[in-house]
Amino acid sequence: MMDVETETRSLKEIEAVLNFAKLSRDEIKPSTQCVYFANHLDNDGIKLLELDKTVLNALESGERVVIRGDKEDNAVLCTDDNTYDIKQGEISNAMLLLPEMTLGKDLDSNSETNIERREVNTVIHTFYELRPCKPRLALLRTLLGENQYSGEISEQDEDHQGKKYTFNELLDLVQGSESQILVALKKMEALIINGYWRVLDFDYLVQIMTHIIQLSDENDWLHTGVPIEECLNVLQELFPRSVIEHVLKNYSDKIDPSSSGNDDDNDDKMMIDIDFYKLNEDKICRFYAEQILKHAKKFNLKQFMSTWEKSVPEGMKTNLFQLEGLALVEKDCSPEVISYLTVESLPEDISDRFNELFRIKEKWRLDEITPYIRDLQTDKMDVTAMLTKFARASTSNGVKLYNSKRPIT
Amino acid sequence: MVQIPVRIPSAGDGETKEWAMIELQGSLETRNPVPLGGKFIGDLHFTHKDVPVLIIGHHILYGKVVTLEKPYGIMVKDTSSSDTTAGTSYNIIAVIKKKLLFKTRPKPIIANVPKKL
Chain X
1 MMDVETETRS LKEIEAVLNF AKLSRDEIKP STQCVYFANH LDNDGIKLLE
51 LDKTVLNALE SGERVVIRGD KEDNAVLCTD DNTYDIKQGE ISNAMLLLPE
101 MTLGKDLDSN SETNIERREV NTVIHTFYEL RPCKPRLALL RTLLGENQYS
151 GEISEQDEDH QGKKYTFNEL LDLVQGSESQ ILVALKKMEA LIINGYWRVL
201 DFDYLVQIMT HIIQLSDEND WLHTGVPIEE CLNVLQELFP RSVIEHVLKN
251 YSDKIDPSSS GNDDDNDDKM MIDIDFYKLN EDKICRFYAE QILKHAKKFN
301 LKQFMSTWEK SVPEGMKTNL FQLEGLALVE KDCSPEVISY LTVESLPEDI
351 SDRFNELFRI KEKWRLDEIT PYIRDLQTDK MDVTAMLTKF ARASTSNGVK
401 LYNSKRPIT
Chain P
1 MVQIPVRIPS AGDGETKEWA MIELQGSLET RNPVPLGGKF IGDLHFTHKD
51 VPVLIIGHHI LYGKVVTLEK PYGIMVKDTS SSDTTAGTSY NIIAVIKKKL
101 LFKTRPKPII ANVPKKL
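Just so you know, the sequences run in chain order X and P.
Per our numbering, the very first residue in the first sequence carries number 1; after that it's consecutive.
Per our numbering, the very first residue in the second sequence carries number 1; after that it's consecutive.
Fair warning: there could be bad hints in the mix.
Stated by the list, open to error - Under the rule of at most 35 Å between Cα atoms (straight-line distance), these lysine-lysine pairs were calculated in the DSBU-like manner: (1) Lys53(X) / Lys17(P); (2) Lys97(P) / Lys12(X); (3) Lys361(X) / Lys400(X); (4) Lys405(X) / Lys187(X); (5) Lys302(X) / Lys278(X); (6) Lys283(X) / Lys254(X); (7) Lys39(P) / Lys22(X); (8) Lys97(P) / Lys49(P); (9) Lys103(P) / Lys380(X); (10) Lys298(X) / Lys278(X); (11) Lys53(X) / Lys49(P); (12) Lys47(X) / Lys107(P); (13) Lys49(P) / Lys47(X); (14) Lys39(P) / Lys12(X); (15) Lys297(X) / Lys164(X); (16) Lys97(P) / Lys405(X); (17) Lys70(P) / Lys17(P); (18) Lys302(X) / Lys380(X).
Note that these hints are calculated values from the structure, not bench results.
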């Protein structure tokens with residue numbers, strides 16, 4: 001029972017102390033654990049990391065968990081699905097760590113008196129805690145903006161020598177979990193070209209879209225849906241197939257073969273194994289609006305509406321709701337104006353976001369501001385809660401308006 | 001920026017090793033500034049109701065067993081890899097799920113001189 005190499009207290013010494021302390025043998029279990037400092041205290045080599053269930057499960061199942069951070073950013077910890085801020089905590093209490101110890105419930109009440117030697121190998125006052133946070137993804141847009149794709153021919157020219165990034169390189173730089181980064185890349189309509197994640201240059205995208213829509217117009221595909229193979233075969237002379245496919249899928253919805261054609265007696269259109277994609281009216285209209293707004297920034301609303309309506313493919317209907325998060329419509333001035341303002345161009349940090357929004361416009365209606373803050377919602381804070389925290393509400397002519405709670409910086 | 005992997009080396013093959021923690025109010029000091037290595041701290045007993053009792057020097061402390069809502073991982077730098085290009089990584093060698101918390105002021109043991117020792 002006793003360790004030969006190290007001195008351990010004798011039963012006699014323990015009894016003497018119990019006696020001193022007026023602690024009767026009847027009150028306690030027969031096992032005594034004598035606690036010693038280990039010969040080599042390791043106070044610097046060990047760090048305590050507070051783990052919640054999700055992180056612990058991830059670790060125990062062998063999932064990839066990484067700490068990402070550098071000197072400027074705060075460090076974050078990422079599992080496959082989640083991102084956590086790492087904060088150091090300090091307490092005045094001393095935490096003694098023991099690799100071996102038996103809890104009272106595991107000790108027998110009726111055994112012989114016995115002694116165990118226990119060692120404290122670390123005394124520590126600090127620990128690291130994890131707080132779930134939103135991934136910091138704005139950088140992703142900046143990185144991919146360094147070298148946008150404008151077609152194979154342009155890859156060699158001097159405008160396309162900026163850095164390109166593989167997924168692994170992005171993981172090195174962006175503080176977010178793998179799945180969060182993938183979701184963000186999808187939202188940015190990025191794609192993999194020759195092993196690198198790229199976004200399409202807007203003018204290049206316009207070219208591709210123009211061709212897809214022109215072809216659809218000629219073949220009446222706007223109504224029947226675009227047979228993707230045929231479309232790729234026609235346009236592959238002009239653009240890489242994977243790029244056309246990416247664009248087409250982004251701006252259309254796959255037609256479920258079982259749901260279409262029932263009301264139609266046209267059997268030869270229901271060819272098996274041909275995938276049809278129906279161009280999405282809202283997305284196409286939004287795309288045309290962006291072409292107009294991107295260059296003009298601010299527009300007389302009436303003029304814009306008529307220009308926009310004329311630009312979209314025949315049969316498609318424009319509606320202002322299609323421009324949520326892309327353009328800001330101001331109806332309280334004369335003439336009414338529309339201006340180009342994308343959610344993506346605004347700060348990710350919630351208080352910076354509100355500051356920027358109130359700098360752009362002093363007072364906002366709920367329906368105006370919602371598209372510009374909705375992406376920051378969390379389980380704990382929805383749009384209403386954010387407005388309560390960061391804005392002050394007032395009523396003017398029966399309309400509720402929100403303005404800044406603090407001075408704008 | 002770098003990516004520092006964190007893993008439980010034994011992940012997958014069952015239970016993660018569990019360590020224990022004793023949390024004391026304040027810090028432990030000796031009368032003379034001598035290295036603490038190898039020094040005796042105190043005797044730990046449990047009452048029949050499993051209340052931990054720690055006797056340190058001339059003080060007796062009653063504590064309680066606390067189950068941590070968020071367990072602590074014991075994180076150490078991984079030095080097993082001889083490949084220096086692999087970069088830093090951390091291993092979680094054990095977790096702490098319960099601690100013995102002694103937050104009450106230590107009660108001094110009143111010296112009633114023992115008859116014989």
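| task | Could you grab the alpha-carbon distance between Lys297(X) and Lys164(X) and see if it respects the 35 Å cut-off? | result | holds, 29 Å
| request: Sort out whether Lys17(P) lies within 35 Å of Lys53(X), counting only the CA atoms. | output: Distance ~16 Å between Lys53(X) and Lys17(P) Cα, so the pair holds.
| field | 35 Å Cα cutoff - pair Lys361(X), Lys400(X) | value | Holds, at roughly 15 Å.
| message | Lys53(X) and Lys49(P) were given as a pair; does the straight-line alpha-carbon distance stay at or below 35 Å? | response | The hint holds at about 29 Å.
| query | Taking only the CA atoms, is the gap from Lys302(X) to Lys380(X) under or equal to 35 Å? | reply | Violated: Lys302(X) and Lys380(X) sit about 40 Å apart, past 35 Å.
| query | Given the hinted pair Lys97(P) and Lys12(X), is their alpha-carbon gap at most 35 Å? | reply | holds, 33 Å
| task | Would you check the hint for Lys283(X) and Lys254(X), treating anything up to 35 Å between C-alpha atoms as holding? | result | At roughly 14 Å apart (the allowed maximum being 35 Å), Lys254(X) and Lys283(X) satisfy the hint.
| Under the criterion that the straight-line Cα-Cα distance not exceed 35 Å, is the pair Lys39(P), Lys12(X) satisfied? | Given pair Lys39(P), Lys12(X) holds - Cα atoms ~19 Å apart, limit 35 Å.
| message | With the threshold set at 35 Å, check whether the alpha-carbon distance from Lys298(X) to Lys278(X) stays at or below it. | response | holds, 32 Å
| Pair hint Lys97(P) and Lys49(P), alpha-carbon separation not exceeding 35 Å | Status holds; Cα separation ~20 Å.
| said: Please verify whether Lys97(P) and Lys405(X) have alpha carbons no more than 35 Å apart. | reply: violated, 44 Å
| said: Given the hinted pair Lys39(P) and Lys22(X), is their Cα-Cα distance within 35 Å? | reply: holds, 24 Å
The structure is inconsistent with the numbered hints 16, 18, although it conforms to all the rest.
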